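Under the numbering used here, the letters of the sequence shown match residues 189 to 379, in that order.
No lab work stands behind these hints: they were computed from the structure. Mixed in with the good hints, there may be bad ones.
[To be verified] Simulated restraints on C-beta separations:
# : residue 1 : residue 2 : range
1 : Asp-225   : Asn-260   : 17 to 25 Å
2 : Glu-317   : Gly-241   : 20 to 28 Å
3 : Gly-241   : Pro-290   : 27 to 35 Å
4 : Leu-374   : Asp-280   : 39 to 47 Å
5 : Leu-374   : Gly-255   : 26 to 34 Å
6 : Thr-258   : Glu-369   : 37 to 45 Å
7 : Thr-258   : Ser-226   : 37 to 45 Å
8 : Asp-343   : Glu-272   : 13 to 21 Å
[To be verified] With a cut-off of at most 16 Å between alpha-carbon atoms, the simulated EDC-like pairs for lysine to aspartate or glutamate come out as follows:
#  : residue 1 : residue 2
9  : Lys-250   : Asp-225
10 : Lys-345   : Asp-308
11 : Lys-344   : Glu-369
12 : Lys-377   : Asp-343
13 : Lys-345   : Glu-369
14 : Lys-250   : Asp-230
15 : Lys-365   : Asp-343
Predicted, not measured: the structure shown is a model, and the values here were computed from it. Every residue, glycine too, gets a C-beta built ideally from N, C-alpha and C.
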Amino acid sequence: MSFSLLLFCFLGAFQPVSVRAADDEDVAVSREAATLDSLFGDLARQADARKAGRIAQQIVGKLNDSGSDTINLLMNWSARALREKNNPLAEDLLTQVVTLAPDYAEGWNRRATLYYVQGDLGRSIADIERVLQLEPRHFGALSGLGAILQRTGSDKKALETYFKVLEIYPANRPAQKAVQELEEELSGKDA
189 MSFSLLLFCF
199 LGAFQPVSVR
209 AADDEDVAVS
219 REAATLDSLF
229 GDLARQADAR
239 KAGRIAQQIV
249 GKLNDSGSDT
259 INLLMNWSAR
269 ALREKNNPLA
279 EDLLTQVVTL
289 APDYAEGWNR
299 RATLYYVQGD
309 LGRSIADIER
319 VLQLEPRHFG
329 ALSGLGAILQ
339 RTGSDKKALE
349 TYFKVLEIYP
359 ANRPAQKAVQ
369 ELEEELSGKD
379 A
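Build the full structure now, drawing on both the sequences and the hints.
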């Protein structure tokens, strides 16, 4: 072994902890993405609604974990505020989440849901668009968008959106039902 190779190996073992931590974090993120990709693949292939539902729950669990104790705590507090119908507090907490972790799709998704419940469809759509930029396979956000489009009379766009949901999650019963209803409604309008 040459001296320069030995020196390189030796110095590599003593790289700063922050560099090694960043490398470890990159590997963890890469593994998480691979797991999520695998779960989405399983979901797309699963025809059984119960089995698909379990896979979907695993995906939601992965999407909910921000990787940050602080963000996870804020999300838990926001969930409690939503359950208690304290919407102003929930909005404040979720705005903190998206400010501190702008690449965390679930923060945007939860705030979009809050805006939807409050009837603020424009802000809900804006947050859904951010969710879909971060995670285009987010079937919950797509379902929410479909519901908004349907509610506002944009039935053709709603139908397209629900078809996207079914590409990702074919066994999704609410999306299947929405597609059936919209197809019937649209065919009645065309007649």
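Hint-by-hint comparison with the structure:
no.: 1; hint: Asp-225 / Asn-260: 17 to 25 Å; verdict: 22 Å, holds
no.: 2; hint: Glu-317 / Gly-241: 20 to 28 Å; verdict: 27 Å, holds
no.: 3; hint: Gly-241 / Pro-290: 27 to 35 Å; verdict: 30 Å, holds
no.: 4; hint: Leu-374 / Asp-280: 39 to 47 Å; verdict: 40 Å, holds
no.: 5; hint: Leu-374 / Gly-255: 26 to 34 Å; verdict: 42 Å, violated
no.: 6; hint: Thr-258 / Glu-369: 37 to 45 Å; verdict: 42 Å, holds
no.: 7; hint: Thr-258 / Ser-226: 37 to 45 Å; verdict: 28 Å, violated
no.: 8; hint: Asp-343 / Glu-272: 13 to 21 Å; verdict: 35 Å, violated
no.: 9; hint: Lys-250 / Asp-225; verdict: 11 Å, holds
no.: 10; hint: Lys-345 / Asp-308; verdict: 19 Å, violated
no.: 11; hint: Lys-344 / Glu-369; verdict: 12 Å, holds
no.: 12; hint: Lys-377 / Asp-343; verdict: 11 Å, holds
no.: 13; hint: Lys-345 / Glu-369; verdict: 14 Å, holds
no.: 14; hint: Lys-250 / Asp-230; verdict: 14 Å, holds
no.: 15; hint: Lys-365 / Asp-343; verdict: 14 Å, holds
Hint violations for this structure: numbers 5, 7, 8, 10, all remaining hints satisfied.
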